[in-house]
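With the hints as your guide, set chain B onto chain Z.
2 protein chains.
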Amino acid sequence: MSRQTPRAVAVIGTGTIALGWIALFAAAGRDVRVSSTRTDAREHLDAALPAYAASLPGGAREPREILARVRVVPEVGDAVDGVEAVQENAPEDLELKQKLFARVAEAAPPEALLLSSTSTLLPAALGAFLDTPERVVVGHPFNPPHIVPLVEVVPAPDAPAALVARVTAFYTELGKSPVVLRRALPGFVANRLQTALLREAIHLVREGVVTVGELDTVVTSSIGQRWAAVGPFEAFHLGGGPGGLRHWFAHLGAGLERGWESLGSPPADEETVGTILAQAEAGFGRRPYAELAARRDRRQNAVIAALAESAADEGRRA
Amino acid sequence: MSRQTPRAVAVIGTGTIALGWIALFAAAGRDVRVSSTRTDAREHLDAALPAYAASLPGGAREPREILARVRVVPEVGDAVDGVEAVQENAPEDLELKQKLFARVAEAAPPEALLLSSTSTLLPAALGAFLDTPERVVVGHPFNPPHIVPLVEVVPAPDAPAALVARVTAFYTELGKSPVVLRRALPGFVANRLQTALLREAIHLVREGVVTVGELDTVVTSSIGQRWAAVGPFEAFHLGGGPGGLRHWFAHLGAGLERGWESLGSPPADEETVGTILAQAEAGFGRRPYAELAARRDRRQNAVIAALAESAADEGRRA
Chain Z
380 MSRQTPRAVA
390 VIGTGTIALG
400 WIALFAAAGR
410 DVRVSSTRTD
420 AREHLDAALP
430 AYAASLPGGA
440 REPREILARV
450 RVVPEVGDAV
460 DGVEAVQENA
470 PEDLELKQKL
480 FARVAEAAPP
490 EALLLSSTST
500 LLPAALGAFL
510 DTPERVVVGH
520 PFNPPHIVPL
530 VEVVPAPDAP
540 AALVARVTAF
550 YTELGKSPVV
560 LRRALPGFVA
570 NRLQTALLRE
580 AIHLVREGVV
590 TVGELDTVVT
600 SSIGQRWAAV
610 GPFEAFHLGG
620 GPGGLRHWFA
630 HLGAGLERGW
640 ESLGSPPADE
650 ETVGTILAQA
660 EAGFGRRPYA
670 ELAARRDRRQ
680 NAVIAALAES
690 AADEGRRA
Chain B
380 MSRQTPRAVA
390 VIGTGTIALG
400 WIALFAAAGR
410 DVRVSSTRTD
420 AREHLDAALP
430 AYAASLPGGA
440 REPREILARV
450 RVVPEVGDAV
460 DGVEAVQENA
470 PEDLELKQKL
480 FARVAEAAPP
490 EALLLSSTST
500 LLPAALGAFL
510 DTPERVVVGH
520 PFNPPHIVPL
530 VEVVPAPDAP
540 AALVARVTAF
550 YTELGKSPVV
560 LRRALPGFVA
570 NRLQTALLRE
580 AIHLVREGVV
590 TVGELDTVVT
600 SSIGQRWAAV
610 GPFEAFHLGG
620 GPGGLRHWFA
630 HLGAGLERGW
640 ESLGSPPADE
650 ETVGTILAQA
660 EAGFGRRPYA
670 ELAARRDRRQ
680 NAVIAALAES
690 AADEGRRA
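Just so you know, the protein sequences line up as chains Z and B, in that order. Straight run, no breaks: the first sequence in this note's numbering ends on number 697. Straight run, no breaks: the second sequence in this note's numbering ends on number 697.
Just chain Z, with the same shape it has in the complex:
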C-alpha cells in the first residue's frame, strides 16, 4: 500500500461508542467514512469529536487533524467501498443489523473485516443474511473505546482461524488489547463480570451498608486499583501466600460456596432503583456530565500510562 493512499475504515453510527472508534481510527491515520442516518451528522461530528481528540490515551491531538480524516458518507454501500474494515455501531436490533451486514457484504471488498460493536447479539446471528455468515465478527469495545484497551473478539463458531487472526492484528495495530473468546455467552465476559459485581453493589446500598458514593470509594481504593495491576485470579493467587491459589482454595474450602450463597439477590424494582438514583444524584450527579467524563478520562489515561511505564520497566528488568 502506497503512502499516498491512506487505509480506509467505515464506521456505522454516530453514538457514543461510534465516536470513540472514529477518534481512534482517525488518530491512527486512517481515512474514516462515517455512515449515519442523521441529516446533521457532519455538524454532530464537528461538535462532538474535539472532546475525544483531547482525551486520546497517547496525548491530546489537534481536533482539526482528527476531523480532516473523517468524512460523512450517508449511504452504507458507498461508505464501505474499498475499506479494510467496517465497525458497526447501530442500535441493538437484530434484524436491523442483519440487513445492514447484508448490504455491507455486497458493497465492501471481499477481504474487508466486518466487525460489530454489539454487546448483546451473537456473531452467527448477525451474519445470518450473508452467504458466509461467519464473516461477521464481534469486536466489542469498552466505553470509551478510544481509551479502554480491551476489545472482546467473538467469532462465529465456524469462523476461519485466519480471519480471527486478521481481526486481532487489526485491533492490536491500533493499540488495543483484543481477547478472543473461545465460546460466545450473551454479555460476553467483562459485562457479565460487571453485572455480577453491580448486583452485589446494589444489594449493599439497598441494605444500608454503604451509600452509592461510599461504595464507589471502596472500589476505587481497593479492588479497582488491584485489578488494574493484576487480574482477579492472580490477585487471589498472591493473596494465598507462598502456597498460592492452591492454598487459597484449600484454606477457604466450603467457605467459597457459603460466600456465594450469602450474596444478595435484590429486586431491580422502582424502590431500589429510586434509592440508588437519589444517592447518585445527590453525589456525583450534581456535577456536569462533561466535567465528570473528562475527569474519568484523565484518571484512566494516567492509569494506562503508569501501567505502560511499569511494563517497560519490567521489560528492562527481564
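Simulated from the structure, these hints should not be mistaken for laboratory data. Be aware that a few hints might be false.
Derived Cβ-Cβ restraints for the label pairs, each shown as a range [stated by the list, open to error]:
hint : chain 1 : residue 1 : chain 2 : residue 2 : range
1    : B       : R417      : Z       : A407      : 55 to 63 Å
2    : Z       : E474      : B       : E636      : 50 to 58 Å
3    : B       : G554      : Z       : G634      : 43 to 51 Å
4    : Z       : A691      : B       : R443      : 26 to 34 Å
5    : B       : A430      : Z       : A426      : 47 to 55 Å
6    : Z       : T499      : B       : L475      : 30 to 38 Å
7    : B       : D510      : Z       : S644      : 37 to 45 Å
8    : B       : G632      : Z       : E474      : 19 to 27 Å
9    : B       : E471      : Z       : A669      : 44 to 52 Å
Using N, Cα and C, we set each Cβ at its ideal position, and we do this for glycine too.
Frame of chain Z; chain B shown alone:
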C-alpha cells in the same frame, strides 16, 4: 507529645497482613511493638520486612530504618502498655480473639484504639468479654495493607461517634482511605464484591469461554483500570450518556434482572477447582511467588502514584 517520645502502636501477629501493618506503622515513624507466639519472631521480621520496606507506596525505604522501629514484645499485655492503638491480626478464631481483646483492654491505656484486621468476624462479638464491648472496632485492610489504601472501618452498632472519628483520623494520618460501614454484613463490602465477581469468573472458565489467564487480561485491560479511575456507579452513570444513571436504568429496564438471572452459579467442586488450578499453574503459577508479588506491588504503586498526581492536577484545575 514531645518529639523525644515517638508514638507507639502494638501489632498482634506476624503473618502477611501483620507484616504490612508493621511496615506501614514503622514507615510513619511509630514505635511498633510486635506481639507474637513465634519463638523466632525477631528472625522472621528481619527476613520478611525488607521486601515490605522496598514496596512502600511513598518509595522504597531503608530496611534498617524500618527494622530499628520494630520491637518484639511477646506477651500481649506488655506489648500494649502505653500504646495509642493495637492492630490485631490473630487467626480467625472468635474465642481466641475475644480472649486476646480482654487481655488487651486490661493492659492498654483506656484511650487506646482497639482494632481488629478480621475479615469475617463482627466487632460486637470480638469485644464480648470487655465491660465496654463497643471499644473494639474492625479496621479491615486489603492485602497488601501497606499499599492498598482502603481500610473498612466497622464499628459495633453502639460505638460512640467520637471513637469512630478517632479511628478514621488514625488511619487517615497514615495515608489510608478509611470507609466507615453503616451496618456490618459478614464479608463487609469489598470482599463481598470480589466474591460476586469471582463466582462469575469461575463460571466463565468452567464453561470454556476464556481461560484463567484470558479472564485476568480481560479484567486488567477493562474494568480494573476503569474502577481504579471511577467507581462502578459513577462508571455506569457516565456509560449512560448525558442522561446518566437515570437513563441507564430506564434503558436497561427489565434487562437488569434478566442479566442477574443469567449469571452462573458454578459448584465449587473438585473438578471446577482442579480446572482453575491447572490453568493457573500452567500460567502465572510457573513464575516464582516473590517475583509475582513484587511485580504486583510495583504496578499497583504506579497506579496509586498516577491517581495521586491526577488528583493533584484536578485540585489545580478547580
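Each hint, compared with the structure:
no.	hint	verdict
1	R417/B - A407/Z: 55 to 63 Å	holds (57 Å)
2	E474/Z - E636/B: 50 to 58 Å	violated (25 Å)
3	G554/B - G634/Z: 43 to 51 Å	violated (31 Å)
4	A691/Z - R443/B: 26 to 34 Å	holds (31 Å)
5	A430/B - A426/Z: 47 to 55 Å	holds (53 Å)
6	T499/Z - L475/B: 30 to 38 Å	violated (50 Å)
7	D510/B - S644/Z: 37 to 45 Å	holds (40 Å)
8	G632/B - E474/Z: 19 to 27 Å	holds (20 Å)
9	E471/B - A669/Z: 44 to 52 Å	holds (47 Å)
The structure does not agree with the numbered hints 2, 3, 6 stated previously, though it agrees with the rest.
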